[in-house]
Amino acid sequence: MKEKKLFDDITDIDDELIEEAKVNKRPRFKRKKIVTLAVSVLVVISIVLLVKNKEVNNYIKPIAEVIYPKAYAFDDYDSWRKIIDENKVEDNTIKIINDFAYKTGSLILKDSEKNMNYSPLSLYYALGLATTGARAETEMELLNLLGMPDRETLSLESGNLYRTLYKDNKIGKLKIANSLWLGNEINGQPLMFKDSFVENAAKNFYASSYNVDFSNKETGKAMGNWIAENTNGRLTPDIETNSEQILSIINTVYFYDQWVNRFDKDSTVEDAFYLLDDKEVKVDFMNKTMGSTGFFKGENFTRSGLNLKNGGQMVFILPDKKVSLYDLLSSYEEVKEIFEEGQDFYGEVVWKIPKFNFSSKVELIDTLKELNVKLAFQSDADFSGMVEQMAFISAIQQETQISIDEEGVEASAFTQIDYAGSALPEGHADMILNRPFIYGITSSNGSLLFIGICMNPSE
Numbered sequence: 001m002k003e004k005k006l007f008d009d010i011t012d013i014d015d016e017l018i019e020e021a022k023v024n025k026r027p028r029f030k031r032k033k034i035v036t037l038a039v040s041v042l043v044v045i046s047i048v049l050l051v052k053n054k055e056v057n058n059y060i061k062p063i064a065e066v067i068y069p070k071a072y073a074f075d076d077y078d079s080w081r082k083i084i085d086e087n088k089v090e091d092n093t094i095k096i097i098n099d100f101a102y103k104t105g106s107l108i109l110k111d112s113e114k115n116m117n118y119s120p121l122s123l124y125y126a127l128g129l130a131t132t133g134a135r136a137e138t139e140m141e142l143l144n145l146l147g148m149p150d151r152e153t154l155s156l157e158s159g160n161l162y163r164t165l166y167k168d169n170k171i172g173k174l175k176i177a178n179s180l181w182l183g184n185e186i187n188g189q190p191l192m193f194k195d196s197f198v199e200n201a202a203k204n205f206y207a208s209s210y211n212v213d214f215s216n217k218e219t220g221k222a223m224g225n226w227i228a229e230n231t232n233g234r235l236t237p238d239i240e241t242n243s244e245q246i247l248s249i250i251n252t253v254y255f256y257d258q259w260v261n262r263f264d265k266d267s268t269v270e271d272a273f274y275l276l277d278d279k280e281v282k283v284d285f286m287n288k289t290m291g292s293t294g295f296f297k298g299e300n301f302t303r304s305g306l307n308l309k310n311g312g313q314m315v316f317i318l319p320d321k322k323v324s325l326y327d328l329l330s331s332y333e334e335v336k337e338i339f340e341e342g343q344d345f346y347g348e349v350v351w352k353i354p355k356f357n358f359s360s361k362v363e364l365i366d367t368l369k370e371l372n373v374k375l376a377f378q379s380d381a382d383f384s385g386m387v388e389q390m391a392f393i394s395a396i397q398q399e400t401q402i403s404i405d406e407e408g409v410e411a412s413a414f415t416q417i418d419y420a421g422s423a424l425p426e427g428h429a430d431m432i433l434n435r436p437f438i439y440g441i442t443s444s445n446g447s448l449l450f451i452g453i454c455m456n457p458s459e
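Numbering (the numbering used here), first residue to last: 1 to 459.
Be a bit skeptical, because a hint or two may be false.
Said to hold, decoys possible - Derived lysine to aspartate or glutamate pairs resembling DMTMM-like cross-links, with alpha carbons at most 20 Å apart: (1) 103 with 340; (2) 110 with 327; (3) 217 with 199; (4) 103 with 91; (5) 88 with 78; (6) 103 with 366; (7) 175 with 65; (8) 322 with 334; (9) 369 with 111; (10) 95 with 327; (11) 175 with 185; (12) 173 with 229; (13) 279 with 320; (14) 114 with 277; (15) 103 with 76; (16) 321 with 264; (17) 355 with 264; (18) 88 with 76; (19) 355 with 406.
In case anyone wonders, no lab produced these hints; they're calculated from the structure.
Please build the complete structure, drawing on both the sequences and the hints.
This is how it looks when you write it as structure tokens:
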């Protein structure tokens, strides 16, 4: 394959991003009057070389800027149907992504003593982008984890899924943003990144690419500004770079949506939430009784969900009294059971949900090693589909933020990978979430965007 430098036709980066980096300012964002269900996620993957960088010129320049899909109104059903028809996502792909969520979610949540919000979708996209640059056994380990037969299928399904998930309307938003931050030189020699890798990243992962100097602290500031811009200002991390770094893959997920049936603020009352140590904290609870609602009863748990206006749902799983939340998270099989199984009923559901707002952060390399991804983190890793030089993943971390109130949900996340109708009621369910519980947020096609545990809504 003929290779060439990717930086021949570089233009200046957006002036606003550069100025923000220079003066170390965080971008300001207007707060919405209606606080919705909101989640933000950030994943960063760091990739390093086996030798050290020389100090080079200080600049940050774009290589490729993506154009996001056209956004449609939430009730423009004809346009949404056309998008789904033109971007066919295999049914098995949703199953694969949810299985990935159950496997990783169990390992991440089962030992957490605090509130934890995790986005399997964010990690999946960040790892998927890294996988397209992997080769040989390194590639096979990653493909096995991601449940895909080859990188071509991975890219195609990722692109189609992206376009069907993308939402940006007056009711809500689901935006997945990816970026590649590519080092420019090493020991005075230009780094050669593969055209095919960068082009596929833009086409199927909607990843913007930037040529940077990782030895310059302004690079970390610019990366932080990019994250803030793509999570509506909800995540403003301090990103540290180093001279051994050659590439960072950053994925962010920003999500907000409104309940189909909002909670009446006049019905919100303060009450006790009981912690695992039998202590109690006072928090505000939202209250509602809904008739003709579906719910599930399984062994040791009850599950029901609240619908969101863009077609998704927030699912709540309440362990039975005297049942440990950790037992329900102890394995892939247990997590899959609480999200997918149980006897279904249709009837009255009494809701009592604490309002909460929290952030969490998790390092993910050890989790992936437990799932048999090991070569990517070793000095003999093969990322030759990405860059000519020998490189390996040195860090994977995810940071998230979530809040819910009477109007809905807002959430965001980033992952960074650094290389180095009605019916007669049948039953009744009390979803009285006054003790630690599990939750998930799904998209309109059923894929799990977020999974988490609320141990203490007052924190």
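**Q.** Structure versus earlier hints, numbers of those that do not hold, lowest first
**A.** Going through the list in order, the structure violates hints 3, 10, 11, 15 and 16 and respects the others.
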